[in-house]
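A.B. asks: Chains as they are written, first to last, in my numbering: chain A, 13 to 389; chain B, 13 to 389; chain C, 13 to 389; chain D, 13 to 389.
Rather than coming from a laboratory, the hints here were simulated on the basis of the structure.
Quick caveat, the model's predicted, so the values are computed rather than measured.
Hints may contain errors.
Note that identical chains are pooled: a pair holds if it fits in a single copy or bridges any two copies.
[Claimed, not checked] When the alpha-carbon atoms are kept at most 25 Å apart in a straight line, the in silico BS3-like pairs for lysine-lysine are as follows:
#, residue 1, residue 2
1, Lys39, Lys379
2, Lys268, Lys16
3, Lys180, Lys261
4, Lys100, Lys180
5, Lys39, Lys229
6, Lys180, Lys17
Protein chains: 4
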Amino acid sequence: MSEKKLRAAILGASGYTGAELVRLLSKHPHVDIVLLTGDRRAGDSMGDVYPQFGGLDLPDLIAIDDVEWAGVDLDVVFCGMPHGTTQKIVQGLFHKTGHTLVDELIMEHTEDYIAEIKKPVKVIDMSADFRIDDANTYAELYGHEHYAPALQDIAVYGLTEFARDAIKDADLVACPGCYPTGATMALIPLLQAGLINPDEIIIDAISGVTGAGRSLKEGNLFTEVSTGVHAYGIATHRHGPEIEQQLAKAAGRESKDMLVTFTPHLAPMNRGILTTTYVQLTDGKTVDDVQDCLEGRFNDEPFVRVLPDGQMPHTRHVLGTNNVLIGIAADRRPGRAIIVTAIDNLTKGSSGQALQNMNVMFGFDEKTGLDIEAVFP
Amino acid sequence: MSEKKLRAAILGASGYTGAELVRLLSKHPHVDIVLLTGDRRAGDSMGDVYPQFGGLDLPDLIAIDDVEWAGVDLDVVFCGMPHGTTQKIVQGLFHKTGHTLVDELIMEHTEDYIAEIKKPVKVIDMSADFRIDDANTYAELYGHEHYAPALQDIAVYGLTEFARDAIKDADLVACPGCYPTGATMALIPLLQAGLINPDEIIIDAISGVTGAGRSLKEGNLFTEVSTGVHAYGIATHRHGPEIEQQLAKAAGRESKDMLVTFTPHLAPMNRGILTTTYVQLTDGKTVDDVQDCLEGRFNDEPFVRVLPDGQMPHTRHVLGTNNVLIGIAADRRPGRAIIVTAIDNLTKGSSGQALQNMNVMFGFDEKTGLDIEAVFP
Amino acid sequence: MSEKKLRAAILGASGYTGAELVRLLSKHPHVDIVLLTGDRRAGDSMGDVYPQFGGLDLPDLIAIDDVEWAGVDLDVVFCGMPHGTTQKIVQGLFHKTGHTLVDELIMEHTEDYIAEIKKPVKVIDMSADFRIDDANTYAELYGHEHYAPALQDIAVYGLTEFARDAIKDADLVACPGCYPTGATMALIPLLQAGLINPDEIIIDAISGVTGAGRSLKEGNLFTEVSTGVHAYGIATHRHGPEIEQQLAKAAGRESKDMLVTFTPHLAPMNRGILTTTYVQLTDGKTVDDVQDCLEGRFNDEPFVRVLPDGQMPHTRHVLGTNNVLIGIAADRRPGRAIIVTAIDNLTKGSSGQALQNMNVMFGFDEKTGLDIEAVFP
Amino acid sequence: MSEKKLRAAILGASGYTGAELVRLLSKHPHVDIVLLTGDRRAGDSMGDVYPQFGGLDLPDLIAIDDVEWAGVDLDVVFCGMPHGTTQKIVQGLFHKTGHTLVDELIMEHTEDYIAEIKKPVKVIDMSADFRIDDANTYAELYGHEHYAPALQDIAVYGLTEFARDAIKDADLVACPGCYPTGATMALIPLLQAGLINPDEIIIDAISGVTGAGRSLKEGNLFTEVSTGVHAYGIATHRHGPEIEQQLAKAAGRESKDMLVTFTPHLAPMNRGILTTTYVQLTDGKTVDDVQDCLEGRFNDEPFVRVLPDGQMPHTRHVLGTNNVLIGIAADRRPGRAIIVTAIDNLTKGSSGQALQNMNVMFGFDEKTGLDIEAVFP
């Protein structure tokens, strides 16, 4: 490994996924953070925006429109901005980087951003921008035509455990949504192994409030969400189709032929997603088969741990880590199993997985910068 | 209504259900609290045990074994003690009260408690002691033979909305468990109407920590349960069979032929149960049918409110109240619906419903002492 | 008491103090809520804005500018709006009501609101608008000249326990701030009795997040305030001068000669203010004198309870109530005492006290509608 | 630095300070954890006791009486047990280690533990056992004669920033209490510099619930402490005299001549202590002098950060870290200042500082294993 460190930018560093990435990257031995953007807080230091970083040596936040891309020497760009806001910028970053497909499609409006990028960069996107394969589905879910459809073809969906080879060579990685990360991790191997019925999957998830980001919505006020729980976005949450897209691949189906029940809930906690999944076993299959399958699949994975029979994960046991805990139980109803997974939505569910993907892309050990134990209690 | 107030005892007043009942009864215009027991805190005033009651005029706590039943003039006894601990006492209370069935079955060990009760009392039990019809099922679930099997026959299962007539004449009411209250309220009418498939019911519930009572268990420490969520008692929680027993009746089946999936979760909040139920509609039935059925059924109920299409309940909106909120949504998968209910586990899920039942038993307006709005935020 | 109920308006009903007042007034036997304003949510029902009220029969919210004052028959108006926004409106309400002083001072800009009010109304203001006696101090603290200076003279500062006689005859009551309510309750009698040194008072307070209202500020997001505490507004919080003004009166001084140390903190809880006050005893006085003084002063007060020696109040024990708990301890340093008070900032600290004042103004028993026990746990 | 790692034991690893130390030490590049004791959970793996550690390679917990000290090769022993329980054990560990003073004083009851320790070890104690210099004061505070009074003389009070030289050569370091760490950090330099009056110090602190450890007390249940705050141990908390002892040294006084006001509060959060200190400036001194003094003193400290004028620390900004944040403000009253510090009670307030001290004792860079950013939100 050369002594020269990777030069990294974080677009959208004033949001929670951006801040989480700063937390992790600032301790990564092979990365220097050289650019931070944050429109609402442009001009402020990260210590102003997140006082916990006041002791770190970090660049000040600048507005994304003020970045002089030609003058910045970058190896990797992390995007942590709201969906739809950086598609053109990302497309611009790829201009003249050797992607003929992209070059041909560059539109005028990207020119502002591209000028003369010094060298090709790799982009790791934490938004929903490049997760959905199908342009129409994207437009339906996110309310606008995709601004960089050519990139949809080259983007790799970065659930690391199931896409390492593709990630290694990818120029653009789309990190999965937080709910899909927790929901699909255990289901993909079970569908691939034919252990469960793809038509009878119910995913019930409970998330912490950081999942809503730092946006000023009444529903995110302390006073509104402490002391209780509720379900939201029932049958309409955008992560439903994303989950279906990934599970369809595992089941060897078209996305349109995959429908799962998905109900997110909000609980009064900062971080964590607990996913309780109800599945119907294929004829003759047992809960032990499920346990064996998942243990076998994840045995060598650095971040995934299948709990022994009888144990169930708590989100608090993965808080601040990139870990995934999986517990399995037999249902009261014969032929059915219940699978529970716990992740930290900001870490494995977003910025941690982004860093894990960076490690894969640049040939570092996958745990570099992510070898962290949960802060509990 | 006579001017003489009912004389009420609360057995187990140092626990949370006992305290909740004190909160409610102390404002009931037709009740005097004349006896409070609490073994661990015998000798203390309620103000010592619960400082919020320091300004009320209440009897001190005494040990249950120190109650001189012959000398206490009582109309109604509420039991809020751990399951199995008051069966004999309750049986004793009924001795020589005219229940031939009971009289015949009185065993020696009850004599300590009975002596000469002044007059027949009505008993409202908030424990699990008299909820399970079948003695074997009770023994399996609670780990001991029932100590007062004769009373199982006369006990009325007190989900008020579905048992008013029986409660009116009952001498012993077994208040439903907190999870069963939230879980069965909406399902009973749907099963009765044949709108849903009884073999495909999945009940996913999230509870606050008061559900665990005031017992000193590591898992109930603030430090252990704040900042995260987890599932527990998957497929083994005692409320599962209780739910099945009640749903079986609604479906016109034997209990043994009714199996439902039931997964409780614990969230970092004091009160509240949110129940998310996944159901399969009967052929040709729609989500509108579900909405209509529940609106029709609960329209005149003082405590149950079916939310308009598109709204979903929060537990915080019923905090401290006897209310039940019900929301209904179509699933992504055709022919399926998702029903969400919110209750306060200590109020409608226990002490509030106990008081509601008392109102029915003694002919008071059902909202007396329960006409309370949620404390939110 | 006549059978006709008071007709009440709540201006600013979509905020938390407004909602708290709806919670309380909706159970008051002698009040009908006939008008609710809420500019941001005009047109919505209270059930839309606060789902817990969905079962109540309440008027919809309207914009304050859309109120046709001439057509509304009102007895009492509660103002729960941000400071400075209702001074003119309140002045308008008093126009032609017989207050010569006010009439003379009516300015043009109030005419919009006054037209022909049917009859004199009484106004209970929960904002800071009429709390500060001195116009210059008000202007300094709140950043603008007072819009209704004439009313400052007729407004009664409504810390009920110390102003009953004035409140009885008042047309305009300015309810104290939440911090001043908790901070001055115990200090006033001690200063009046000469038991403590007015120059050595340190008030350290911890508040819940509802104190910040329902406004969309980053600092009020769940994610920003859960899991930690901090101090804010040290030496600059507007309630500091308000506290000084009231303590000065108790000490027989001019406001300008009274300076106290006041440090508010924010804790991750919805409601409650705990005030820890450090005082120096006058020569020869003891902590027992403090205990005796406060017990004597508050013995007959319906909402204030002085705890016995050795007990200390928790905010959770007053949650949702109008109660004030006071605990007293000797300091490690001789000649000094520590006094701790607990209130619910939304109830006794705002809407509860407003209702208490209404009861005084209209001759009801002071506990009417406020005879509530804390919801704990 | 040799390649051989330090061999470390943690006595009391099932408690929260023990677990926090495992979290930190498991990432320390120069330490192997070779022994973990935990009486209540003897025989269990750390993954059973703290599921977050299920993926680590750690020794199982054993009962302290089952440790075969002669057979364990250890370099450093951390004690995280309740006060009074390890004094004899620690004394045993020092037997025949060359401390004549200790050797002479070894009593029979220590022989169980000592036998033939392979080599001298260094001991870092996180309990209160060796913090108090004066044997009588210890006995008064902790309710028993000290069991190893000889060690009191050799123990170094380990507030690292003020005792580095002594810690370097120490065999036994007594880590400060959590409250004293937060309370004295800023006061010591100010007293040393004569900037504040030692007779007028008021320390008001708010702690998270982990400060109470993992013990099963009703007052530590989630249900008892969520949703509110309270003060406790006013004027009687054992950390008061510990604070006075350390401040006395800084002020050049005898402990008995130093009295400070100290009031701890409990807030519904897991971690963190916020200390708000009220001080009187020496004649002619200003708040700027305070700011300058503290900035100068802590400028080169790796873990202490003095915030610029106008900023105030939040406990959440140090969560999980060894950092200390200090903010300074002028009081409303002239000649007085308010100083606020934030620490994580489990990290800098206990296990983090223990590790910091280990780094000093063994010549490692002080930040080794402690270069962590806060998990926020």
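A.B. asks: Hint by hint, say whether it matches the structure.
C.D. replies: Here is what the structure says about each hint:
Taking CA atoms no more than 25 Å apart as the test, lysine 39 paired with lysine 379 passes in both settings, with 12 Å inside one copy and 12 Å between copies. With identical chains, the CA atoms of lysine 268 and lysine 16 are never at most 25 Å apart, being 46 Å at best within one copy and 59 Å at best between copies. In the homo-oligomer, the alpha carbons of lysine 180 and lysine 261 lie at most 25 Å apart inside one protomer (20 Å), although the nearest pairing across protomers, at 58 Å, exceeds that limit. In this homomeric assembly, lysine 100 and lysine 180 come within 25 Å of each other (Cα to Cα) only inside a single copy, at 24 Å, whereas the closest approach across copies is 57 Å.
Taking CA atoms no more than 25 Å apart as the test, lysine 39 paired with lysine 229 passes in neither setting, with 32 Å inside one copy and 31 Å between copies. Taking identical chains as interchangeable, the C-alpha atoms of lysine 180 and lysine 17 lie at most 25 Å apart only when both belong to the same chain, with a minimum of 18 Å there against 35 Å between chains.
Hint compliance for this structure: hints 2, 5 are not met, and every other hint is.
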